[in-house]
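S.K.: Take 1 as the starting number for the sequence shown in the numbering used here and just add one per residue.
Read the hints as simulated data drawn from the structure, not as lab findings.
There may be inaccurate statements among the hints.
[What the hints assert, rightly or not] So the derived label-pair ranges between C-beta atoms look like this:
1) Arg53 with Phe100: 34 to 42 Å
2) Asp42 with Lys3: 18 to 26 Å
3) Glu44 with Ser98: 33 to 41 Å
4) Asp42 with Glu102: 17 to 25 Å
5) Asp42 with Asn91: 16 to 24 Å
6) Arg5 with Ile86: 17 to 25 Å
7) Asn101 with Val4: 33 to 41 Å
8) Ser98 with Glu43: 20 to 28 Å
9) Ile97 with Ala52: 33 to 41 Å
10) Asp76 with Ser98: 28 to 36 Å
Glycine is no exception: its CB is placed at the ideal position from the N, C-alpha and C atoms.
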Amino acid sequence: MEKVRPVLVIGNDANNNLQYVDIHYVIISSSAECGEYDVFIDEEQAKKIGLARKSVIKTTKVYTGSKTKLGAKIADLPVDIKKEFIEKYKNYQDNLISKFNEF
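With the hints as extra help, turn the sequences into a complete structure.
M.R.: So, in structure tokens, the structure goes:
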């Protein structure tokens, strides 16, 4: 049996008018270091959204997978964390694309 891990769903194929059942998500880790583009969730915030301990949203680790593998929704992000995620995610993507143009 696989270990259950929290993720932040950031989109799905239906949002993009595609017929698949995939979701796009980033991982939430309680053991990772917080990098430049990551979002730190302190212990108090973590408990409010159903996480066991302080965690990091790994903005640079975007995955695509089947929505059938999702478990139960545990919470919505508080507005301040969501805004921070959006800002850092956009900054990461902008930086990524600017480097792509250098190739």
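S.K.: Has the hinted range 28 to 36 Å been met by the Cβ atoms of Asp76 and Ser98?
M.R.: holds, 32 Å
S.K.: Could you see if the CB distance from Arg5 to Ile86 stays within 17 to 25 Å?
M.R.: At roughly 22 Å between Cβ atoms, Ile86 and Arg5 fall inside 17 to 25 Å, so the hint holds.
S.K.: Against the range 20 to 28 Å, how does the distance between the Cβ atoms of Ser98 and Glu43 compare: consistent or not?
M.R.: Once the Cβ atoms are compared, 35 Å apart, the range 20 to 28 Å for Glu43 and Ser98 is violated.
S.K.: When you take the CB atoms of Asp42 and Lys3, is the distance between them in 18 to 26 Å?
M.R.: Roughly 23 Å apart at Cβ, these two residues keep to the hinted range, so it holds.
S.K.: With 33 to 41 Å as the target window, see if Asn101 and Val4 comply at their CB atoms.
M.R.: Between Asn101 and Val4, where Cβ atoms are some 39 Å apart, the hint holds.
S.K.: Is the gap between the beta carbons of Ile97 and Ala52 within 33 to 41 Å?
M.R.: For Ile97 and Ala52 the Cβ distance comes to about 35 Å; the hint holds.
S.K.: Are Asp42 and Glu102 spaced within 17 to 25 Å by their CB atoms?
M.R.: violated, 36 Å
S.K.: Could you tell me whether the CB distance from Arg53 to Phe100 stays inside 34 to 42 Å?
M.R.: Given range 34 to 42 Å: holds, Cβ gap about 36 Å.
S.K.: Okay, Asp42 versus Asn91 on CB: inside 16 to 24 Å?
M.R.: Distance hint for Asp42, Asn91 holds at roughly 21 Å.
S.K.: Taking 33 to 41 Å as the stated bounds, is the beta-carbon spacing between Glu44 and Ser98 within them?
M.R.: holds, 36 Å
In summary, the numbered hints that this structure violates are 4 and 8.
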